[in-house]
Amino acid sequence: QVQLVESGGGLVQPGGSLKLSCTVSGNMFSFLGMGWYRQTPGNEREWVAMMTHPGSTNYADFVNGRFTISRDNAKNTMYLQMHSLKPEDTAVYYCYANGITGRHWGQGTQVTVSS
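Numbering (my numbering), first residue to last: 13 to 127.
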């Protein structure tokens with residue numbers, strides 16, 4: 013069974029940085045694509061970034077060059093490096109992986125941007 017575990021969330025001041033990790037059980041090469049969503053209370057999940065294979069990445073417009081998605085295949089881990097964080101980036105961040113049988117989700121990690 014595929015499991016995704018996020019880590020790296022926390023409290024950061026506006027303008028600060030955080031690096032989220034998503035460790036995957038199983039072979040990451042078996043996934044058709046991986047990425048990140050985020051969600052705030054009362055709202056639907058909002059897509060943040062995705063990568064289909066090394067070097068092919070896409071970002072939501074609101075990212076505006078502040079976030080970078082990457083992966084370390086040797087560690088079975090995907091990352092989301094976030095810079096210049098704003099209070100509106102506060103959310104629970106979820107990683108996902110698109111497998112042959114469907115989409116798999118992590119449990120989420122809270123990111124709070126506040127002074």
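It should be emphasised that the hints constitute simulated quantities derived from the structure, not laboratory data.
Possibly wrong hints are sitting among the right ones.
With a cut-off of at most 20 Å between alpha-carbon atoms, the simulated SDA-like pairs for lysine to any residue come out as follows [what the hints assert, rightly or not]:
no.	residue 1	residue 2
1	K98	Q15
2	K98	S37
3	K87	S19
4	K98	R115
5	K87	N55
6	K87	V104
7	K98	S42
8	K31	G111
9	K31	V104
10	K98	V24
11	K87	T35
12	K98	G27
13	K98	A72
14	K31	T102
15	K98	T35
16	K31	R78
17	K98	V17
18	K31	G114
19	K31	Q93
20	K87	G111
21	K31	S82
22	K87	G27
23	K87	V24
24	K31	S42
What follows is a list of derived Cβ distance ranges for each label pair [unchecked claim]:
no.	residue 1	residue 2	range
25	G111	P26	30 to 38 Å
26	K98	L44	26 to 34 Å
27	W59	V17	27 to 35 Å
28	G38	N76	16 to 24 Å
29	T69	Q15	18 to 26 Å
30	G114	S29	30 to 38 Å
31	G111	D84	17 to 25 Å
32	G45	Q93	32 to 40 Å
33	N70	G20	18 to 26 Å
34	L23	G114	32 to 40 Å
35	N76	N39	30 to 38 Å
36	G22	N55	18 to 26 Å
37	P99	S37	28 to 36 Å
38	G111	G20	18 to 26 Å
Ideal Cβ positions, reconstructed from N, Cα and C, are used throughout, including at glycine.
Hint check results:
1. K98 <-> Q15: Distance ~30 Å between K98 and Q15 Cα, so the pair is violated.
2. K98 <-> S37: violated, 32 Å
3. K87 <-> S19: holds, 14 Å
4. K98 <-> R115: Outside the cut-off at roughly 29 Å; violated.
5. K87 <-> N55: The given pair, whose Cα atoms are some 33 Å apart, is violated under the 20 Å limit.
6. K87 <-> V104: Violated: K87 and V104 sit about 23 Å apart, past 20 Å.
7. K98 <-> S42: Distance ~34 Å between K98 and S42 Cα, so the pair is violated.
8. K31 <-> G111: Violated, at roughly 24 Å.
9. K31 <-> V104: holds, 14 Å
10. K98 <-> V24: holds, 9 Å
11. K87 <-> T35: holds, 8 Å
12. K98 <-> G27: Distance of about 6 Å is within 20 Å: holds.
13. K98 <-> A72: holds, 15 Å
14. K31 <-> T102: holds, 14 Å
15. K98 <-> T35: This hinted pair is violated, its Cα atoms lying about 25 Å apart.
16. K31 <-> R78: holds, 12 Å
17. K98 <-> V17: Roughly 24 Å separates the two Cα atoms, so the pair is violated.
18. K31 <-> G114: violated, 26 Å
19. K31 <-> Q93: holds, 4 Å
20. K87 <-> G111: It holds: about 19 Å lies between the C-alpha atoms, which stays within 20 Å.
21. K31 <-> S82: Status holds; Cα separation ~11 Å.
22. K87 <-> G27: violated, 29 Å
23. K87 <-> V24: Violated, because 26 Å separates the two Cα atoms, which is more than 20 Å.
24. K31 <-> S42: The hint is violated at about 24 Å.
25. G111 <-> P26: 30 to 38 Å: Holds - the Cβ-Cβ distance for G111 and P26, about 37 Å, lies within 30 to 38 Å.
26. K98 <-> L44: 26 to 34 Å: Hint holds: Cβ distance 31 Å, inside 26 to 34 Å.
27. W59 <-> V17: 27 to 35 Å: violated, 20 Å
28. G38 <-> N76: 16 to 24 Å: violated, 33 Å
29. T69 <-> Q15: 18 to 26 Å: holds, 23 Å
30. G114 <-> S29: 30 to 38 Å: holds, 33 Å
31. G111 <-> D84: 17 to 25 Å: holds, 19 Å
32. G45 <-> Q93: 32 to 40 Å: Given about 19 Å between the Cβ atoms, the range is violated.
33. N70 <-> G20: 18 to 26 Å: Holds - the Cβ-Cβ distance for N70 and G20, about 21 Å, lies within 18 to 26 Å.
34. L23 <-> G114: 32 to 40 Å: Since the Cβ atoms of L23 and G114 sit about 33 Å apart, the hinted range of 32 to 40 Å holds.
35. N76 <-> N39: 30 to 38 Å: holds, 33 Å
36. G22 <-> N55: 18 to 26 Å: About 21 Å separates the Cβ atoms of G22 and N55, which means 18 to 26 Å holds.
37. P99 <-> S37: 28 to 36 Å: holds, 34 Å
38. G111 <-> G20: 18 to 26 Å: holds, 23 Å
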